[in-house]
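Enquirer: Sequence:
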Amino acid sequence: MRRAKFVCMEGADNLPNGHYGTSVKLNWAMDPNRGLMLAHGMNGAPLRADHGRPLRAVVPGQIGGRSVKWLRRLIVTAEPSDNWYHYYDNKVLPTTVTPQQSADEPAWWRDERYAIYDLNVNSAIAQPQHDEVLDLASRVPDYTIRGYAYSGGGRRVTRMEVSLDGGNSWRLADVQYPEDRYRDIDIDLYGGRLDMSSRDTCFCWCFWAYTLPICELQSADSIIVRGMDDAMMCQPRDMYWSVLGMMNNPWFRVTIVKTGKQTLRFEHPTSLMSGNPGWMEKVKKAGGDLLNGRWGEISSKDIHQPPTPPLEEVNMANSDVKRIFTFNEFSEQSSEARPLFVVAGEVYDGTGYLKHHPGGAQSIQAVAASDATEEFIAIPLNKVPIGTALEFKGPVGKFDPQSLALAAPYACSFGGELVLDSNIGSYYYKNFPYLGQTGSGNWAAMFGLLNVLFRPAGGLIGDYIYGSTHSVWAKRLWVTFLGVVTGAFELAIGLSDPHSESTMFGLMAGLAFFLEAANGANFSVVPHVHPFANESASVSVKATSTIRISSYELEVAQQTGQRQDGAIRLPASYLEDPSLSYFITTKVLFSGETEAALEAGDLYERAEEEERKNNLDEAEQLFRRAHALSETGRDVIGQLKALNGLGCVLLARDELAQAEGVLRGALGAAEQVLGSAHGVTLALVASLARLCGATNRVAAEQLAARAQAGYERALGTRHETAIAAVHRLGDARMALGALADAEVQYARALQLSDETLGPEGALTLDVASSLGALHALQPGKLGDAEELLRRAMRGHRVHVGGDHASTLRDALRLASVCQQQQKEEKLAEAEALAERALAGLEKKHRANNTQVLPAYVRLALIYIEQGKLAQAEPLLERALQGYETVLGPCGWASLEAAEHLGSFYLEQQRLDEAERLLQCALAGFESAHGPATRQIATTAKSLACVYQKQGKLVEAGDLFARSFHACQSAHGEDSLEAVRAMRNLARSYEEQGRPEEARNLMERCLAGCEKVLGSSHSETQETQHMVLRLRDGPVSG
1 MRRAKFVCME GADNLPNGHY GTSVKLNWAM DPNRGLMLAH GMNGAPLRAD
51 HGRPLRAVVP GQIGGRSVKW LRRLIVTAEP SDNWYHYYDN KVLPTTVTPQ
101 QSADEPAWWR DERYAIYDLN VNSAIAQPQH DEVLDLASRV PDYTIRGYAY
151 SGGGRRVTRM EVSLDGGNSW RLADVQYPED RYRDIDIDLY GGRLDMSSRD
201 TCFCWCFWAY TLPICELQSA DSIIVRGMDD AMMCQPRDMY WSVLGMMNNP
251 WFRVTIVKTG KQTLRFEHPT SLMSGNPGWM EKVKKAGGDL LNGRWGEISS
301 KDIHQPPTPP LEEVNMANSD VKRIFTFNEF SEQSSEARPL FVVAGEVYDG
351 TGYLKHHPGG AQSIQAVAAS DATEEFIAIP LNKVPIGTAL EFKGPVGKFD
401 PQSLALAAPY ACSFGGELVL DSNIGSYYYK NFPYLGQTGS GNWAAMFGLL
451 NVLFRPAGGL IGDYIYGSTH SVWAKRLWVT FLGVVTGAFE LAIGLSDPHS
501 ESTMFGLMAG LAFFLEAANG ANFSVVPHVH PFANESASVS VKATSTIRIS
551 SYELEVAQQT GQRQDGAIRL PASYLEDPSL SYFITTKVLF SGETEAALEA
601 GDLYERAEEE ERKNNLDEAE QLFRRAHALS ETGRDVIGQL KALNGLGCVL
651 LARDELAQAE GVLRGALGAA EQVLGSAHGV TLALVASLAR LCGATNRVAA
701 EQLAARAQAG YERALGTRHE TAIAAVHRLG DARMALGALA DAEVQYARAL
751 QLSDETLGPE GALTLDVASS LGALHALQPG KLGDAEELLR RAMRGHRVHV
801 GGDHASTLRD ALRLASVCQQ QQKEEKLAEA EALAERALAG LEKKHRANNT
851 QVLPAYVRLA LIYIEQGKLA QAEPLLERAL QGYETVLGPC GWASLEAAEH
901 LGSFYLEQQR LDEAERLLQC ALAGFESAHG PATRQIATTA KSLACVYQKQ
951 GKLVEAGDLF ARSFHACQSA HGEDSLEAVR AMRNLARSYE EQGRPEEARN
1001 LMERCLAGCE KVLGSSHSET QETQHMVLRL RDGPVSG
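Quick note on numbering: the sequence shown equals residues 1 to 1037 in the UniProt record's numbering.
Since the hints were derived computationally from the structure, they do not count as laboratory data.
Here the structure is a predicted model, which means the values were calculated and not measured.
There could be a bad hint or two in this list.
In silico lysine to any residue, SDA-like type, Cα no more than 25 Å apart, as pairs [to be verified]:
1. 952 / 926
2. 282 / 122
3. 282 / 250
4. 5 / 74
5. 781 / 863
6. 844 / 926
7. 781 / 877
8. 949 / 934
9. 5 / 118
10. 826 / 797
11. 282 / 257
12. 781 / 741
13. 781 / 735
14. 284 / 264
15. 355 / 735
16. 258 / 126
17. 826 / 863
18. 868 / 909
19. 949 / 877
20. 613 / 801
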């Protein structure tokens, strides 16, 4: 122990190059200020498997690779760890070392001077967000830039500086250290004593902020931030290039794009989400060099430099080698000790690099006896060589394409059969939903039964052809003919997409004959294979049958670089702690066949059922268990589906921050692994759109549009999921106030759903309810609204019961329609409907749930119409308090609730309270995400009335003018709403002693009334009297 200097750690995970292991210095482990620990639990619970259960090392302040999970062994030594991963990972090699050198000269990797231990100082900007748009006309004078920073080794970040001029000058930002709050307490926490009073090291993020006038942002091109720690280490301006690219900590830069005279848009270096890329990607696409000291901006000096000559293609083949390999020879001679592989038709021997390849011997052995062209091309030759030719001279032979004569046709026929068996039931159900799942499954089973007759028939016919011609090629032509006709049937079905049962099942029967006959014909060729190659030929033929099934998955995996063992890191998961991140295992990307994955599928179905029953706690636990089992089974699709379900449960419980963390993290992983068009990715997009409906309605509309377009491309316009996406897009556009666009989407969804699912289908009834709610907001369409809502409520009551959430939602919407009709009997019905809906929703949901709060508002508005003011006020107050608790005071629904309560106080002559609430609501609407013109019109009018009653006539006039312009924007210049707002403004001008302006506006108002309401309407006649009075002369105040 006297010479001991290092603590070596080894994990239980068995990786391609052995168990993962690394080391740290012994004096660090002995230093209490360093905070190293062996952890078996977290937050009072045992570690989860993905966090290293049962025991892991935690080395704060250092790179994560030093915190070994699944710890199985500790060794105290005089030298650093000799583990493969300690040498070949977590290194910053000198910038002069090229990728080729790093591959040829292992000494670089074994030099302990280049190992990463303590993290360096780093920082980032969180606000403004990527793609955030700042409206300069919002009248908000200041803007606060925010972000986070950290440094390694327990060092404190002592200063944060912000620059708006490319780093020529800097300003100090305010820094907060949440970690310090724990230094002053001494408590028992999760079964252990928390005492940080004697430790001054910092291991957590700190948060910084800097507030500046918006006008300064308008004149700047970028925002740059840099940090410095208490060792006076400051972030550098430029990136430091190295082979692995690790530990880069340059200034964090956000560019400012002037999108118009009144708006600024911010771009981060990169974007985690699909859509608008970060400025780095745009620079690279434009040919800029990110290491040129100007963040890749191309100057005139760069333009005049001579172009870089293209790299010459390296010919690795040895022209002296003429040997031809058959498939059988190639397979027999290749082994782990002597791995042969094919690149571009040439056969190579990788034996000479087994000991020296940076990826380990398994990287070469994994492609033994296979075509490795795609893997080889994916890693350029001048970076990482993957093998050598025989005796380091060149290829040892060529691949004989005739060896695929059996394998390729069988891949098409039997592979096609397996694909059809997996999907034909859902295809029937899509085109004939009235068959139901059982009926569709029965018809799908008929396809498989036909092979009892058709497969032997194909083989018998092949044998007959051979007996007549004595030619194997005649059998091959028979196989080819069957494959061509099979393809023709598949094209006919795919292009016509039959919705007639006779057409569909007739085409499927024809396809079954030729497809199964092709399988039998393939088998009839097998006896002609030479006996010594029979086993090899049989294995190769069977192996290729899976190519057709997995080609899509393999293509996605290649494109995302995820075919090797590894993990996908999600951003903050929020599953346990917002500061933690976790992994989705992807060792076998699309397995889904293990026992754990199958059990996870059962749990997922149970979770969905509990969610439908509104048993959200039980559903959450089941989704979490499904996710954990999917990890064990290494089923990435199962993991992502479970995360989507978990996010939806959190959303239903109004735990919006946690739901957003789960859904955004899962979406980022799905886009990386599955691609943006995959069904699971689109489901996550749709879930995130629902969430953003409560927080950012513009983003919600964009996400809903993306989901709708993706589903229609993938499933067609008549699939139930695609129709539901059209419905959700209508919801998003209605929330934005784009009522005409929303009506188009709802009408289309209703027509498709009626035709596909029938008038009593669940989705049809949901769309009818939404369209009815939309018509309730449109002038002259209350009758249509009532008809649609009564139809939806009647259908939902029959199919799902009177206490179901859908039925209660219909009742609440119908109550709004009855209230607007302003008849005594209708108001009584509205009250009964709203009270019933509220009682049902309170039974289903917790207090302050956003599903319940709209019922408070609706019932309060009905009570106000009936004059029951004492009953209305507590409901409005409770709704406002609930929305502010869930969404915050600036949430959209919070602002609407504030406007309702402010208007109520106005009617009660409680002007000071009304003024406060209406001012807050108006300011919130004007700075909200997206257009809020309807809300601005209503709120500005109410606040103007407050000022009018307070004698503030000028201020009232300004607000009446804002209300008028907002009505014109929201409803149209000739709308009844705009005409009424114009009359309010004219009256305000009259009160202010501006008779000429009042008369002109009132005359325009009269013309509008005659056009919209007719000359005999009471409002038109009232307006005519006002015009005559104003023409007679000014009226004082």
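Enquirer: Now tell me, hint by hint, if it's right for this structure.
Expert: For each hint, the structure was consulted:
no.: 1; hint: 952 / 926; in the structure: holds, 22 Å
no.: 2; hint: 282 / 122; in the structure: holds, 23 Å
no.: 3; hint: 282 / 250; in the structure: holds, 18 Å
no.: 4; hint: 5 / 74; in the structure: holds, 13 Å
no.: 5; hint: 781 / 863; in the structure: holds, 24 Å
no.: 6; hint: 844 / 926; in the structure: violated, 35 Å
no.: 7; hint: 781 / 877; in the structure: violated, 31 Å
no.: 8; hint: 949 / 934; in the structure: holds, 23 Å
no.: 9; hint: 5 / 118; in the structure: holds, 17 Å
no.: 10; hint: 826 / 797; in the structure: holds, 21 Å
no.: 11; hint: 282 / 257; in the structure: holds, 13 Å
no.: 12; hint: 781 / 741; in the structure: holds, 16 Å
no.: 13; hint: 781 / 735; in the structure: holds, 18 Å
no.: 14; hint: 284 / 264; in the structure: holds, 23 Å
no.: 15; hint: 355 / 735; in the structure: violated, 63 Å
no.: 16; hint: 258 / 126; in the structure: holds, 20 Å
no.: 17; hint: 826 / 863; in the structure: holds, 13 Å
no.: 18; hint: 868 / 909; in the structure: holds, 16 Å
no.: 19; hint: 949 / 877; in the structure: holds, 23 Å
no.: 20; hint: 613 / 801; in the structure: holds, 12 Å
Consistency note: the structure conflicts with the earlier hints numbered 6, 7, 15.
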